[in-house]
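Participant: What follows is each chain in one-letter form.
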Amino acid sequence: MSAQQIRELIAQHARLSVNANELGEDADLYSAGLTSLTTVNLMLALEDHFNVEFTDKMLGRKTFGSIRLLSEAIQELVAA
Amino acid sequence: MCLTPVDEAYKTYKDELVAAGLLIPLGEPGVFGRSGTFEHIVDKFEEYVTRMGEHQNAEVMRFPPIFSRAHYEQIDHINNFPDLMGSIHTFMGKDAEHRKMLSIFERKENWSSELSPSRLMMVPAACYPLYPTATGTLPANGRTVDLKTFVFRHEPSEDPARMQIFRQREFVRLGSPEEALNHRNYWLKEGEKILKSVGLDVTAVVANDPFFGRGGKVMKATQIEQVLKYELVVPICSAEKPTAVTSCNYHLDHFGTSFNIKTADGNVAHTACIGFGLERITLALLKTHGFDLKTWPHEVRSVLALA
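Note that the protein sequences, when read in sequence, are chains A and B.
For the first sequence, our numbering assigns the number 1 to the initial residue and increments by one for each residue that follows.
For the second sequence, our numbering assigns the number 1001 to the initial residue and increments by one for each residue that follows.
Here chain A stands alone, though its shape is the one from the complex (with noise of 0.2 Å):
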């Protein structure tokens, strides 16, 4: 999945306190002030943007702590 869709998408929804933009793909992003309801936010804006729907599996920390564990569970998700 795109990373730069996902970082725009983390610039609108999870109110970070560092710029999304700059962000790399392995940047923790609770390290750079994503909160647990933030993360549902970013979660709700995800499922919108890829029409997927996380499985509760998935609704942890692991699955939201970089944009590349993102991608790859937004992947698994569309593979599906």
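These are calculated hints, taken from the structure and not from any lab test.
Treat the hints loosely; a few may be bogus.
A short, non-exhaustive set of chain A residues, derived as facing chain B with CB atoms under 10 Å [unchecked claim]: (1) E8; (2) L9; (3) A32; (4) T35; (5) L37; (6) N41; (7) D48; (8) H49; (9) E53; (10) L59; (11) K62; (12) T63.
Where a beta carbon is used, it is the ideal one built from N, C-alpha and C, also for glycine.
Once you've looked at the hints, dock chain B against the given chain A.
Facilitator: This is chain B only, laid out in the frame that chain A set:
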């Protein structure tokens, strides 16, 4: 209606409590009056907690069970627990609107549609009214506050231990991350010790709050992954579904950020609390030791200073 064995157990225990006059039903599930004996146990348990927490020199503060809607809007409760909130509505019209409401009322239709929201909400947790009053800079070494109030959660149930309005006694710490976490961890151990010393079969478990909806699943998972909340659970009506009678929570900087609470060195304050569920503890004691306080084990009577 088909009742599960757990539902049967809830109903049986509730009926026993009502028959003994310990709980006085008020016509709605989870809303009860309490007898003198019930209150005596609450008082004695609270006095015990006070003795065990005396060394903290906590500031005692008592807040009413309602607080400002504006403060409510700053705590994310509307995101996380919309199904549990209590919003206070009242009539704000003039004569014409009054006549309209009365005519709806007399037709036995839904007159509450004529009400408007007041600026007040029911308090969902005893420590929520504290944080808006703590905005600013904490003293060196932070603050420790002793709280008690009725709290409201809209979750009607036949389980006598799931009341819609009940009391929490709390010790809250506001300070550095280390001070908050130490408070949570100290009181987790101490809470377990206190409950065991009154004969309750208590277990500490990592827990999550009942966050609402799909977003709530993320909240639950992250709360558990970060080990922010412990509950001390006791079997009351069921060994398979024990009841949380006390919780120990580390809120990170959630309230510090929401209400601009700073430590003396200028960082965002972290907070933590222990909350004793006074009704649930009393119900667990009555279930464990019986309804006649005179026959409770000698050591329990002694710890609680029951005459």
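Participant: Work down the list of hints and note, for each, if the structure agrees.
Facilitator: For each hint, the structure was consulted:
no. : hint : in the structure
1   : E8   : 21 Å, violated
2   : L9   : 15 Å, violated
3   : A32  : 15 Å, violated
4   : T35  : 8 Å, holds
5   : L37  : 6 Å, holds
6   : N41  : 8 Å, holds
7   : D48  : 12 Å, violated
8   : H49  : 16 Å, violated
9   : E53  : 8 Å, holds
10  : L59  : 4 Å, holds
11  : K62  : 8 Å, holds
12  : T63  : 9 Å, holds
In this structure, the hints that do not hold are numbers 1, 2, 3, 7, 8, in rising order.
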